[in-house]
Each structure stands twice: as C-alpha cells, then as structure tokens.
Amino acid sequence: MAKLETARSGLDAGSREISLTIPVAPDMEIVATAQAVAIGEYIEMPRDKIDEVKLVIVEACINAFEHAQTRDDRVHLTFRVGRESDGPEYLEVEVFDQGRGFDQRSVEMPSLEKAFGGGKKRGWGLQIIRSLMDSVAITSGDWGTRILMRKYK
Amino acid sequence: MSEACKITVERRNDVAILFTDGYINNQGGEEIARQAYAQLDAGARALILDLEKTRIVNSIGISILIEVLERVMDRKGVLAFCRLTPTIDKTFRIMGLAQYAAIYPSLDEALKAVAAAPRGEAARNP
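Note that the protein sequences, when read in sequence, are chains A and B. For the first sequence, the numbering used here assigns the number 67 to the initial residue and increments by one for each residue that follows. For the second sequence, the numbering used here assigns the number 361 to the initial residue and increments by one for each residue that follows.
Source of the hints: derived by calculation from the structure; they are not laboratory data. Just so you know, even glycine gets a beta-carbon here, dropped at the ideal spot from N, CA and C. Mixed in with the good hints, there may be bad ones.
To be verified - Taking beta-carbon pairs under 10 angstroms as the criterion, some of the chain A residues facing chain B (in silico):
| id | residue |
| --- | --- |
| 1 | Lys-186 |
| 2 | Gly-189 |
| 3 | Thr-205 |
Whole structure, please, built from the sequences with the hints as guidance.
Written out as structure tokens, the structure reads:
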C-alpha cells in the first residue's frame with residue numbers, strides 16, 4: 067500500500083512520470099519491479115500485463131548489471147503513464163545506464179537447438195523484452211544504453 | 361529484499377515433483393538444478409517442476425532450467441512444468457521450451473501425462 071501511495075502521489079502531481087535509481091547490486095531489479103506494480107495497479111492494468119512488465123524490467127536491469135560496466139554503478143529507470151489520442155493508456159519504462167554500450171547487430175539470436183549442442187544457454191534477455199512488450203526502442207553508444215519499452219493497458 | 365526461492369521435493373515412485381516458491385534467478389535456478397540432479401541420481405525417471413508459487417523466472421534462471429532439461433534428456437528422462445503464471449507460460453513458449461518439456465495447467469494433469477510418457481519422450485503438451 068505504501069508503494070501504491072508513492073506512485074499515486076507522484077502521478078497526481080501532474081508529472082505522469084516517476085524516476086528511480088538503483089545501485090548495481092544483487093536483487094535490486096526486484097526493487098524496480100515493485101514500482102511497476104504500483105503504477106500498473108494505479109492505472110488498473112491487468113495483472114498478467116503487469117507481470118510481463120515486471121519481467122522485462124528484470125531483464126533490462128540484469129543486462130545492465132552484467133554487461134554495461136556502468137560508470138556510476140547505477141541503473142536509472144523512468145516510469146511514464148500516457149495515452150495516444152483515443153488509444154488505451156500505456157505504461158512506459160525507460161531503463162538507462164551510463165555504461166560502455168553495445169552493438170545490437172552483434173547480439174546473436176539465442177535458440178534451444180544451439181544451447182543443447184553445447185552452445186551458450188544465456189542471452190535470452192533481449193528476445194524476452196521484445197516479445198513481451200508492445201514496443202521497444204534500444205539506443206546504445208559509448209555514452210551508455212537506453213531501453214524504452216511500452217505496454218498498453 | 362531477496363525473494364530467495366525455496367524448493368521442496370516430493371517423490372512419487374519414479375517421479376520427482378519440485379515445488380518452487382519465489383523468484384527463480386541464478387541462485388533459485390542453481391538450487392532447482394541441485395535438487396533435480398539429486399533426484400535423477402536417486403533413480404527418478406521424470407521431473408515435474410510445479411511453479412505455482414513463482415511469479416518471475418529471469419533469463420539466468422531459465423538458462424539453468426535449460427541445463428536441467430538437457431541433463432534429463434541425456435538420461436532419457438522426462439521433464440514437465442505445471443501451474444505456470446500466464447507470463448512464465450508465454451516466456452517458455454517464446455523460447456521453444458514447450459517443444460521439449462510439456463506444460464500443464466495442473467499438477468494432476470502433469471502426473472498423469474508423465475506416468476504415460478515413455479522413457480526418453482517428452483510428455484505430450486495438452
């Protein structure tokens with residue numbers, strides 16, 4: 067309830083945006099998902115969709131934790147609630163790190179067939195994010211990585 | 361802070377049921393693998409992972425579940441999942457896991473299907 071009240075007060079102030087910074091540390095991704103739950107409940111997003119948003123936040127955060135080598139040892143999240151003209155409301159989550167960035171073209175598509183053949187079993191994060199969200203935009207460079215993900219209610 | 365995943369195991373003849381409770385990340389996945397391998401070593405032919413009390417499986421946890429599946433397949437055993445949240449179910453299907461390990465809505469259905477599955481063949485998806 068306390069978390070929900072935090073989200074509600076931020077959104078009622080007219081900002082329609084809440085920011086959260088988490089340290090690069092074990093399980094901090096779960097802290098970030100709590101904020102998504104609070105905002106999702108506030109806009110009455112169905113529970114299954116909230117669960118999908120939670121999972122993609124987890125994936126985006128652990129990607130940053132594991133690969134980004136952030137300069138500030140932090141991952142910055144922004145949650146936005148919006149609506150496109152007459153369309154449904156959406157929850158948008160931006161996950162930003164000030165890390166070394168990556169080349170999206172170099173990310174190999176994972177598959178179970180490769181994994182079973184003694185290949186790598188990791189690397190599913192981006193595929194999960196792209197599959198579960200309604201839109202995903204990734205920008206990356208030597209300034210860091212920004213993942214912008216949107217889920218319609 | 362951490363939703364450490366707790367695993368409890370129930371054995372029914374040659375079928376081991378692993379009940380998970382909590383977040384399946386690297387630690388949760390490793391604990392599942394440890395318990396699963398112990399059951400295989402103790403003669404279990406089939407493993408059922410009952411995820412009723414798990415709401416998130418991250419990709420590291422999933423990668424460990426793939427290792428468990430590989431080990432089960434190497435031993436000509438059977439692996440099945442049951443009582444997944446819609447998000448976990450969707451994620452496993454996106455990854456193609458359902459091709460190799462059947463997914464059931466209930467534990468009873470998983471037990472019946474696993475009992476009927478010949479050694480080395482994935483239990484049939486409902």
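Hint-by-hint comparison with the structure:
Because the beta carbon of A:Lys-186 sits about 8 angstroms from the nearest beta carbon in chain B, less than 10 angstroms, this interface hint is met. Given hint, A:Gly-189 at the interface with chain B, holds; its Cβ is 8 angstroms from that chain's nearest Cβ, closer than 10 angstroms. With a least beta-carbon distance of about 21 angstroms to chain B, the hint placing A:Thr-205 at the interface is violated under the 10 angstroms criterion.
Comparing the model with each numbered hint stated earlier shows that hint 3 is the single one that does not hold.
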